[in-house]
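Just so you know, the protein sequences line up as chains A, B, C and D, in that order.
Residue 186 in the working numbering sits at position 186 of the first sequence; the count goes up by one each step and never skips.
Residue 295 in the working numbering sits at position 295 of the second sequence; the count goes up by one each step and never skips.
Residue 307 in the working numbering sits at position 307 of the third sequence; the count goes up by one each step and never skips.
Residue 94 in the working numbering sits at position 94 of the fourth sequence; the count goes up by one each step and never skips.
One or more of the hints may lead you astray.
Keeping only pairs whose Cα atoms sit at most 27 angstroms apart, straight-line, the calculated DSSO-like set for lysine-lysine is [to be verified]: (1) D/109 with D/86; (2) A/259 with B/259; (3) A/259 with B/252; (4) A/252 with B/259; (5) C/109 with C/86.
By construction, these hints were calculated from the structure, which means they are not laboratory data.
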Amino acid sequence: MDFAFTDEQDALRQGVRTVLDTECSVDALRAFELADEDGRAELARNRWAVLAELGAPALVVPEAANGLGLGDVDLVGVLEEAGRACLPEPLLETAALAAPTLAALLPDRAAAAALAALVEDDVSFAVGGVDVTVDGVVSPTAVSADGTLRTPRVVGARDAAIALLACRDADSGWQLHAVPADSCTVYPTPALSSSRDLSTVHWPLDSETLLAYGVAAEAAVSLLADRAAAGSAALLVGLADRMLAMTATYAKERHQFGKAIGSFQAVKHQLANARVALEFARPATYRAAWSLATAQPTLSHDASMAKAMASDAADLAARVGLQVHGAIGYTWECDLHFFLKRTWALSRAWGDAATHRRLVLAQVRRGAKGTRTAMSDSRQ
Amino acid sequence: MDFAFTDEQDALRQGVRTVLDTECSVDALRAFELADEDGRAELARNRWAVLAELGAPALVVPEAANGLGLGDVDLVGVLEEAGRACLPEPLLETAALAAPTLAALLPDRAAAAALAALVEDDVSFAVGGVDVTVDGVVSPTAVSADGTLRTPRVVGARDAAIALLACRDADSGWQLHAVPADSCTVYPTPALSSSRDLSTVHWPLDSETLLAYGVAAEAAVSLLADRAAAGSAALLVGLADRMLAMTATYAKERHQFGKAIGSFQAVKHQLANARVALEFARPATYRAAWSLATAQPTLSHDASMAKAMASDAADLAARVGLQVHGAIGYTWECDLHFFLKRTWALSRAWGDAATHRRLVLAQVRRGAKGTRTAMSDSRQ
Amino acid sequence: MDLTFSAEQEAFRAEARAWLAAHVPADPLPSLDTAAGFEAHRAWERTMFEDRWSVVSWPTEYGGRDLGIFEWLVFEEEYYRARAPKRVSQNGIFLLAPTMLEYGTEAQKARYLPPMASGEEIWCQGWSEPDAGSDLAGIRSRAARNAGGDGWVLNGQKTWASRGAFAEWCFGIFRTDPEAERHRGLTYFLVAMDSPGVTVRPIPQIDGETGFAEIFFDNVEVPEDQVLGEVGAGWSVAMATAGSERGLSLRSPARYTEAADRLLQLFHQRGGPAASADAVAQAHMDAEAYQLHTYWTASRVARGHAVGVEASCNKIFWSETDVAIHGAALDLLGPDAELLEAGAPGEWLDGYLFSLAGPIYAGTNEIQRNVVAERLLGLPRG
Amino acid sequence: MDLTFSAEQEAFRAEARAWLAAHVPADPLPSLDTAAGFEAHRAWERTMFEDRWSVVSWPTEYGGRDLGIFEWLVFEEEYYRARAPKRVSQNGIFLLAPTMLEYGTEAQKARYLPPMASGEEIWCQGWSEPDAGSDLAGIRSRAARNAGGDGWVLNGQKTWASRGAFAEWCFGIFRTDPEAERHRGLTYFLVAMDSPGVTVRPIPQIDGETGFAEIFFDNVEVPEDQVLGEVGAGWSVAMATAGSERGLSLRSPARYTEAADRLLQLFHQRGGPAASADAVAQAHMDAEAYQLHTYWTASRVARGHAVGVEASCNKIFWSETDVAIHGAALDLLGPDAELLEAGAPGEWLDGYLFSLAGPIYAGTNEIQRNVVAERLLGLPRG
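This is chain A alone, in the form it adopts within the complex (with noise of 0.2 angstroms):
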């Protein structure tokens, strides 16, 4: 029992950090959201080539196939690291989602290009076609007449080279494609966070850019939804961090009837509540972390806990932020909204705190803490 991380892990987060208070800024975050079309994939471009030259989208890629061949405990830290800077770009999706799928599947060939533009030519990725509902993994995307699919709310697909994309019927179950972005037509969807890049995207049926089907693909879809739910709650403990640490330095330095209004107990309580529920959600993202990266029979249960306290942690954090701030946390010019919109779309995304109870419940219930793949006849 050693529940720490190491130097080395240490080190990583802490280049990370450094990397991202320059390049990922709230003035770099306010110049994203008032930049053009063309200046947005810039500052996205830019921005990524600067992550990629850190390792981070290939971090959990194996050495074999020319990654840094660390794990998911390695990654957990750098995703943080990504929430508390409310990285824009698709880290997630990439590093944590597509690279590990990928690297599952090989020595499959489309998943072996795939993952080579990935660590060779530093593309990021777009994922979608995967909710978690109380009732397990579904799919959202729609089939329509002429055989297009499409699929709503993929995150990253404007600046993607390729989409990891998901879909599934009756009849065939699911399937999984790494579809390449100049196969795709993406419809940006107004959403209300600008760094959490949405859109519809309509995608060919084409068996070129299929991954796996059937079992297989059910399998790397509910794995899929498992390291998303870690991953994700790993975001949302950066983000509650990053809005408690705003907040409290706003508390100490805005004075109303006579003194600091962080001096005020119902201010101080507030804040108290946020800090102690992050407290505890914190060893329960690492541990879904290390759950991932050891293969434990009690991934999908570790995974929901965590999403769900993360959430839960996020969104008090996000609540208490605001009141503390008062209107001006209202205001575009205050910096927290950033954080804010970015909590209230990603506590909701990859399945919300009370579906992720319902499914640690059904875990439990299972008694082995089984993995989600089973969950679909567990309804309840």
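With chain A held as given, fit chains B, C and D onto it using these hints.
The following block gives chains B, C and D in isolation, referenced to the frame of chain A:
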């Protein structure tokens, strides 16, 4: 639209409060809890006699049956005061459940006889055999091999002259009986609150005691459940009010860190939240009384809403009350515990807040906010 | 006790419902935080005014119908039920007008109320300042006698003025006695926004729109007859407005019952995890409890009693109910909640953002809890 | 990072599980707040001590096994899993012993620790006073040099002493310098409860039992070697104990994971409204999160770091988790919740009453939230 009590109603409530301030002081509650069985019975008898002299038990009995001919809107203030005083005797059961249930069954002979005992002999009634669940009203009464019925958690059976008891079996449906005490065997149940007298009652099924069966009994029992929800809401509002008053007083007197603890925001805001919950539970409770008095089609909805809000308000007042009192509140010497225990018991009796929230939703979904009778088919 | 409306009140309800059905724009107006949307909303106010629906509770001489509080509540229920446009004139008609009816001169009422009722003149409020948010008594904007002695010169800065970007008039309090402390020496002024020396800086909100503004006053001349109430009595005059803001008139219960009804529909359409059922039921109950509480208070008022300090509970309750209703809707929408599409998702998201301001403005809920604890429970100050 | 226990640790777990299976009384012992129950619990301590299970983390010379913090956590997990009796000696072994091991003389450790480990001498704490509850620095009980100069004379009153009615010894702080203010001039004393001048008044609890006591000190003579740590350093010595109370050693996570498991069983047996499913799931997660957090902190400690101020979060979290677990159980029991029957309902009701004390003792959660805000978030005091 005139959502207010009349001067007469206010005066009635004030009169009851004045009497209970003496007859049901905390010292009286303490003596009642410490008394032996005979002493307890005598204290109960004496206090009931005072209540009977006020006319409280027969308040809603029609004048034609020698009652006071008042209504549920008159009664609700009296019940609130009974809650405020933590009155141990079964005023809810006698005045708000047995009396109107019997009156509605007139001129039935058994009902008339029982009602006469209530009005003229000033006896108290026990009530049992009806539970409220999310699936509607059920009976916990069990039938044993020898034909004896066993009803758990009957309130007020030790001192009652007559027990109003319900049972149900799948074949013949509901039955409602007025069973003389001398036909019952009463096994007192150790329970949380000394001011709530619970027993398991064994009683014989006897056509002489039958008040109603089948559809008529089901309607009577359903209405009784609504009356119980509305009436216990009034008791809980009174309990919440009293606990808040006691706690505010304590918070003004108790000093720590050089000032009254009530001047700390942490204490203020907990109490304020409980006060707000009470403020909004109150009109909901009074509306339920009016809906009873005027037989509104929304009665079941309104009674469930009152019980849900009053249970939550009283539970919050209890929680805050104990937290603000600190260790003192955890002692038997402090007055608070009488009210805490009564609250914890009553907030779950006759359906807890979660149950009634579901019943409210079921009523709303049915569109008409219809009566509870038909609720057993609205399971969801 | 009688919780039914009279035949006359029901007839009034039917009349209001019919008028609204005939007149409410089929498509939602553009956002009132844009210039075009502002004018569209102003035109709607004019439409209502022409048929005497804009201020039903006001005296007839100023454009109202001289109706009682229950009729006002009935009108509001119908207004929200019809999903009619937001009231661009709400700061004026709900906050300033009650104060003006109580403290204003006859000349002021005659001058200001009719164009307020018709939407010809829209008012914003100049309450908060950068360093006086929750602590309103810390106001530093000041008014001094002008050279001629027949008016005042205003200097300073106000902020969080809703509609401030487009309004014709502003009401607010300024310090007229710089020696006096905190709540003393303040005076309530009415200021034309086109007065020389007034500068407006719109503040982009969290959603990018510009509902708020900062207003800078640089030697702004204001004549004597634009003082509302006594010189130096601005705090008590302002508190009367704040009282109505927190009390009965700003947040009519219909707003919450209507939103809770829509939440129920969303739940029926979408289903949702069982956990949501509790949130939906609680939202329904809280909205209805707020409605009942308003009827309760209005019945007191109708009998000639004051609203009472219980009104300080209202602000906490409606603002938290609003957040809960919209939060529950977003939970039902799940992964669609972040979409800013027209129709259901975007509307709930807008509503959620708006609701989050509720626990902050009109006195933060922290301040309100102090008030409840001190005034309703008698706990010591400080 | 490795979240598995080593083979040695698993072997130790198996050994503990086997011993407990063989020795834990089949029927629950009578309440330890009665004289008979107290002695039955003392006998259980003796049974554990004889096989070296009562204080596994202590040095072997005092009756322990010199095991590390993870082994202690494993033992606790097995202890709660076995539903073994409450620890009547917990104030001594979990609160006093860590302090004594750090601040005690060799003679003190040799004198007091073995009989503490065996249950021969049970300790209660003399912390709070009637006017010093949350504000411990307000302590007024005092100790003065005795006439001979070889000891101390204690006067004053302590309250809320758990087990105080039956304990042999008491530890607590007394004011030795009456001129010093608040946290200064306090000294940590060990007092035999049979000393002349000690009077105990049991305090009936909310449930009628007498777990608490008031202790009156009337010129109680205490020899010099019953001072723990330096004279005048009582506050820092006491805070070390309070630190362990709030930190790792008093509330082992096993207590909550065991209760959450029982709650899950109750939910499976009884079913329950859907609303309960969320409460049950949250209880499970919170108990497990507390366990994980403890492993996290213990890993720091095992690497030689201090526990850290994060421990102030623990008290808030475990106490609220405990209330939530037991409250959820009562909700599942519904109308049966008020029954004081043997078995499930009564047990959960007892547990609920006990849990409600959690947010109060060992520093109220209000005080803890101040600590979290000030020490973890850097907010200003006062």
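Exercise. Tell me, which hint numbers fail for this structure?
Worked result: none
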